[in-house]
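Novice: Using the sequences plus the hints, can you model the full thing?
Just so you know, we're using my numbering here: the sequence shown kicks off at 3 and counts up by one.
Hints are computed from structural coordinates only; laboratory data are not their basis. Don't take each hint at face value.
Unchecked claim - Here are the simulated lysine-lysine pairs, DSS-like style, with alpha carbons at most 27 Å apart:
1) Lys130 <-> Lys148
2) Lys31 <-> Lys46
3) Lys33 <-> Lys86
What the hints assert, rightly or not - Now the in silico label distances, taken between C-beta atoms and shown as ranges:
4) Gln22 <-> Thr87: 42 to 52 Å
5) Arg49 <-> Val75: 16 to 26 Å
6) Lys86 <-> Thr16: 15 to 25 Å
7) Thr69 <-> Leu48: 15 to 25 Å
8) Gly152 <-> Thr16: 30 to 40 Å
9) Ser168 <-> Phe104: 44 to 54 Å
10) Gln22 <-> Arg185: 15 to 25 Å
11) Ser151 <-> Asn108: 20 to 30 Å
Ideal Cβ positions, reconstructed from N, Cα and C, are used throughout, including at glycine.
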Amino acid sequence: MEKFINILNFDFATHQQILQLIAYIDYFKGKWNNIEKLENKYLKELRNIATVSSIGSSTRIEGATLTDKEIQVLLNEIKITKLKTRDEQEVIGYFEALEVIFENYNEIQISENYIKQLHQLLLKYSKKDERHRGKYKSLSNSVVAKFPSGAQKIIFNTTEPALVQSEMSTLIEWINQQFKNQRIHPLILIGVLVYDFLSIHPFQDGNGRLSKLFTHLFLLKFD
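Specialist: Okay, here's the thing in structure tokens:
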């Protein structure tokens, strides 16, 4: 538990900057609640734009090449399209996981079992990931930056497979307790959750996309 507290030990200037940003976001949230009651048809369009944008950025960061426009076309034709490429498989898997969150965020409770189910849904159509869907990693997986020249650089080493179960259990227990206590602003807790989840990198693949799904989930849960 001390590890999580250390993450939150900001210097004074950083602490003040974070408080200002959170105050601004909370102010905007109040304004948004008023808009939401009046302009429902525009919100539906904004949700569609945000969905496509999220899918695009979340899949491209892991190597997919579809543009937002191509993603929109794919989503429009999802019932008649056969998912031939890995890019298409990843896009539709992410889309369906995001839709589950949009429709059920109030009922979803964060747990290891749910995280594994979400991972399984995320990689539902990805043939390459069939063997490790919904399972913690069995091999080490460093986070690597890939450059246009073809060169690669290790950004950081993640938790070893043998320690994943313990570290995930500790993270989930701590984050649920903090959400329950309501002593720390939820935006900071979401940041801690994503930071530590990516540090552990519990799955062989799909960790970045999962962290974005968590962010959507908790932003919705905390309005």
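Novice: Would you mind marking each hint as holding or not holding in the structure?
Specialist: Results for each hint:
{"no.": "1", "hint": "Lys130 <-> Lys148", "in the structure": "holds, 20 Å"}
{"no.": "2", "hint": "Lys31 <-> Lys46", "in the structure": "holds, 17 Å"}
{"no.": "3", "hint": "Lys33 <-> Lys86", "in the structure": "violated, 44 Å"}
{"no.": "4", "hint": "Gln22 <-> Thr87: 42 to 52 Å", "in the structure": "holds, 44 Å"}
{"no.": "5", "hint": "Arg49 <-> Val75: 16 to 26 Å", "in the structure": "holds, 18 Å"}
{"no.": "6", "hint": "Lys86 <-> Thr16: 15 to 25 Å", "in the structure": "violated, 47 Å"}
{"no.": "7", "hint": "Thr69 <-> Leu48: 15 to 25 Å", "in the structure": "holds, 20 Å"}
{"no.": "8", "hint": "Gly152 <-> Thr16: 30 to 40 Å", "in the structure": "holds, 37 Å"}
{"no.": "9", "hint": "Ser168 <-> Phe104: 44 to 54 Å", "in the structure": "violated, 32 Å"}
{"no.": "10", "hint": "Gln22 <-> Arg185: 15 to 25 Å", "in the structure": "holds, 20 Å"}
{"no.": "11", "hint": "Ser151 <-> Asn108: 20 to 30 Å", "in the structure": "violated, 47 Å"}
Consistency with the previously given hints fails for numbers 3, 6, 9, 11, ordered from lowest to highest.
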